[in-house]
Structure formats: C-alpha cells, structure tokens
Amino acid sequence: MADLIVKVTEKCNSNCAYCDVVRKPRGGETMSFAILETLFRRINEFLLAQPAEEVTFIWHGGEPLLLGPAFLEQAAALERTHCPSTAFRIKHCIQTNLTCLTQEHIPALRALRITSMGTSYDPLPNVRGPGTTPDSEWYRERFFKGLSLLKRNGFAWGIIYVVTRLSLARPLDLFYYLVNLCPGGNFNLNPVLIYDNERKHLAITPREFADFLGALFPVWWKHQGRYPNVQPLRRITDNIRDNIFNLGCCDSGECAYSHVNIAPNGETSQCGRSADWELLPYGNIQQRSLAEILADSQRDELARRNAVLRDGECAGCRFWELCHGGCPLDAWSQHKGFLHKSEWCDSKRMFITDYFEPITGLRFQHHGS
Amino acid sequence: MSDHVFVCPPREPLLRALKDKNVVVDAASTKGVADAFGLAQRCGAAVRCVRARFAGLLAEIKPEAAWEGIPLALYVDGVGRFRDIAPRLPALRRLNLRVYVQASSANNLTGIRILSSLGLAAAAIIDRSADWGGCADLCTYALLGTAPHAPIDPFARLAENYHETGINRLTAALFEDPSAIFHVNENGPVARTAGELARSEFVAPSIERFLAAPPEPLDSALGLLAQNSSCAFCPALSVCLGIVADPANCPPGAKEFFADLLDAVEQSKDLNRRGRRTLWQT
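Top line first, the protein sequences correspond to chains L and E.
Here the working numbering is used: the first sequence runs in plain steps of one and ends on residue 369.
Here the working numbering is used: the second sequence runs in plain steps of one and ends on residue 282.
In short, the hints are calculated from the structure, not lab data.
Since we're looking at a predicted model, the values are computed, not measured.
Hints are not guaranteed to be accurate.
[What the hints assert, rightly or not] Some, not all, of what chain E presents toward chain L, calculated at C-beta under 8 angstroms:
#1 E164
#2 G166
#3 S238
For glycine and all other residues, C-beta sits at the position ideal for the given N, C-alpha and C.
Throw the hints in and build the complete structure from the sequences for me.
And the structure:
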C-alpha cells in the first residue's frame, strides 16, 4: 500500500495557532491540472506494474476544499481518463477543516468515491480560525455548518484533536466534548508539535501528554464500550490486552517505503513534515516515476533505523514493539538525525507504566519481534 | 408509512389528513378517551395510543369499561394511597394502560414504584423539576430490581432501544423527540415539541405541507455543541440532550442522575446478556 499525501494547495482559510503549513515562507501554491494529470498517470503506471498494490490518495493541504467542486470534478475526470483499469485500487481520503464545505462539493467528492472525511476541531478559543489571533467563533460557525452538511449527506468522519498547553487544564471536559461531537469516540488525540520559539506557549512535553491521556484513561477504560474508538487509547489497549499490533505511521517502524508527500509543484518528499523542513527530497513527480520515488535510496536510512535503534538507544526497552523508536521526523527535530528515538516514545512509556498498567492490572509482555 | 408520530387533538379534519400515519390522539381529559379513539380509527389513522389527563390522583379515577382495548397514556397528578387503588386494581389491570406521573416529588416516585410492583406500567415525567436523586433510585429499581414488576418508562424504553455508541433520547418515551414525534395544533400547524407548540413555533403551517416536505431531522446534540454551551462538555449530553434546558444553570443532581442511568442501562444489558443468576435447587 502506498500512501500519497497530496498537498493540492498550501492555501488555507484558517490560521490555526499550531499549523506549520500556513507559516511556510513560500506558501500559497496550488497544484496545476498539468501536475495533477501527471500524478494520475504516475499512479496508473505504478498500479499496472504492481497488480497487488493499492494507493491511498490523501487530499491534503492547506485546505483542499478551497479549490472548489470544479477542481475535484476535474480530478475525477483525470482519474477516469488516466486510470481506466486501476481506479478501483485508488482510495481517496480527505483531510479538511470543513469550513468551506458546500452542497456543491458533495457530488464531486462522491465522484472520487470519498465516503469519509478527516477533520480537526478545538472548542477552546483562539486555537483554530483565521486572523493573527485565530477567530475561533468564525471557525466554529462554519465548521458546524460543514459538519451538519456532511452528516446530512451520510458521510462518515473522524477528528484529530491536537493537545496543546491550553488543553492541559481541562482533559475530561475536552474528552466529553469530543465524545459528544463524535459519538463512539471516533477521534485521535495527538500532541502538538512545535518547533519554533514563537509559539512555545502552546508546546507540551511528553510527560504532559502522558498525564493528559492518564487523566482520561480511567473514564475511557470503564466506558470503552461507549467510546470504542478513542485513539491512542484504543490502539494501546488492542496492543497490550489483545496483542493486536495495528500501529500508526509514527509507531510502526514501517513508513520507509510506503509514504510520499507531493507538494503543489510536484516535488516529493517522505511526508508533510519532511517537506516542510526540506528533508528527504525524492524529486519531482514530473521527472520520476512513483516506483522510483518509493524506492529512493534515501529511504534506506529510515528502514535501517529499526535495526540501529533496536540494538542501540532502544535496546532492552520492553515497549519496543509498540513504538519502534517513534517517528523519525520527531527524532530529527531533536537530534538533527533520523537514527535516534523520538522523545515522544517517553510519553507512551510513561502513559503505560504510570496509568495503563496500574489501572488495568495488565502488563505489556515483550514478544521479541 | 413514514416513521413520524403525530400528537394530535381529536379533530376530524386533522385526523383525516393523518390517514395511515402514526398518531397519538391527545384527548386532553379522560372524558373523551373512547370518542377520540373511535374518531381516529374512523379517520384511518394508525393510532399508537390515546393520551388523556386526569386532574387528580390515580386512586380517584373510575376506569370505564369503554377504555378496555384502547392503548391509553394516562397522565395523573399523583398515585394516591395504595388502599384506595387496591379496589380498582382489577379494572386497571384489564386496561392497556401506562400511567404518567411527574417525577418531581418523593411521593410520586414511590407511587410509580408501587404501580410497577402491582404490574401496572408507569412512566416518570422527567423535566427540569425532577427529584434527581429519587429518579436515580427509581431507574436502578426499574432496570436492576430483581423482583417482578411492570416496566417503568422512560428507563425501560431507553434500555430496550439503547445504542451504546450513539444518541439515546430519554424523552422519546414521553412523547418528546423533535426528529420523530411532532405536535399538531388544533388549527393544523405542526411543531417539533410540546413547548414549541405552546409558543406557536411551527415547522410547518399544516399537516399537508409537513407531509409534502418533512423537516430535516434535528440534531439536538450538534446544536448544543455548535453553541459551545456547557452541555457540550457534559458526559450526559448523549442522553439528556438538553431536556433540563438552560445549560448554564443545570439543576444540581441532574448530571449524576444521567451518569447513574447510563450505568444502570449498561449493567442491565450486561446482566441480560449473561443471563440472570439462578439459585440452587435440590
């Protein structure tokens, strides 16, 4: 499975306090139809050569819905033209803030077989929204209009909630807000990742993120039937209690040859963050095939990272199978190199040892993979 | 047939417009129960029940033979003394009856429990005035009590239709569900709730217009979330859905009641799943 993070535009109608994309010095580009066409041709070539493979096309940005229904319809038309026999192996997903979703987008999204949308929200003031001090009222009004439209049209959806310093005072309030917003708890709690000094007031430490999860965990554990899909609590429970190892890209240790970020100008990189930091450039989609990009030799270092960490910094860690040293980009941000573990590993370890194991009475057993 | 239910006064033109539709006939007083039921049937409405109010205690009511066979939602001010009800029990038991009592006093809640233990279905009308601690005890009895008793709504209905990962509207058993149960004014306009009916806040000017273009289902939870009200951060939102109104001034004990209610529902379902305990026998 190849995951393509396609940044169709870097434009956004919001200026979320923790977002890096809108702060890029040369932001604001939008993908041309010529590049989009090339991309579909590249995907088709790749899938024809790899009959067992599938591609996930993640519409990302910026805010992809800013491009309007016509852009999406054109994309669907390009796919029909260039991927006539392979389109069924392309799965389209979208990450959107929903604030500019209109009824006119719906047929275009359906033409791309999108049935589910990923979004983000924060009920706390001044985190998400346009303006220097994000106008969260503006965002809230439009987000709920979009959400209502999405529900009315029968789309599934999930939320990413980014835990910032502002969240730390109200973990349970926020938990209940999110389970009310997404019945069943279809949301993901991620720590904010801040790399500059300008926004240090939002940054949290791995200890603080562990404690935030720890404050929710007793409630979630007791009522996990009510809120089954709260991440990362569900995943950690599946890992430890049920030995189901379905790890996300940060923890799987398997991202090396599977992810590609495609910028509006066709330049490729490992993922969104590597592109933002101008790391791991794999060339332009106009010059290189998808197969070449996915096999780029720079990826070998990421693949080698598993062995290096297992025998080095992570040797003897009983949680190795649960995090594999964490995200290599997180490691790079701290050490300026990929062959180190991420500081967010500590967050997972602290959560498990300080909260999960004492509360559940379960202990993670190393399986020796 | 649509899934909508219409609470409608016993007026022939309205009931004719609701031919084949689910109808709760609002007879207002007990005097008109049989006539209201007969009229609705003649008009071809699918009668769910007749709703009637009795200004007094259940112990004071004289059940009529004509009520037999009529699904009856009987609203009373209270239950009264057991010794006064006892003589009427055989007649009451012959009815297809559920007795509705305000959950606002310990007396009423005790009365509901007694009715249930006598095999009469009962319902606690839970609103902002509820005795929340008493309601919590009653829901525990209703859902977890092991002595045989008749169902007590809204708890029994909630447990029966409980959707663990979704929205559960407690008041649906009390004829309040703004997405499914609509209230018809005697002149024809349609409202989402009894409160909106009283305030003349209508979603359609007539039954015909309603049926031609039914309103969008109302997502009450989303509305409260969109307002960022304190209800949005409440663990009970999925079951309360703002029935205590004025989120900024949630009555003390309400939140705890809803938490107990959800726990009791889940415990009851779990017990049913595992099978109730049976005592040894020789």
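Consistency of the hints with the structure:
1. E164: Constraint on E/E164 satisfied, holds at 5 angstroms.
2. G166: 5 angstroms, holds
3. S238: Where the cut-off is 8 angstroms and the nearest Cβ of chain L is about 6 angstroms from E/S238, the hint holds.
Checked against the numbered hints given earlier, the structure satisfies every one of them.
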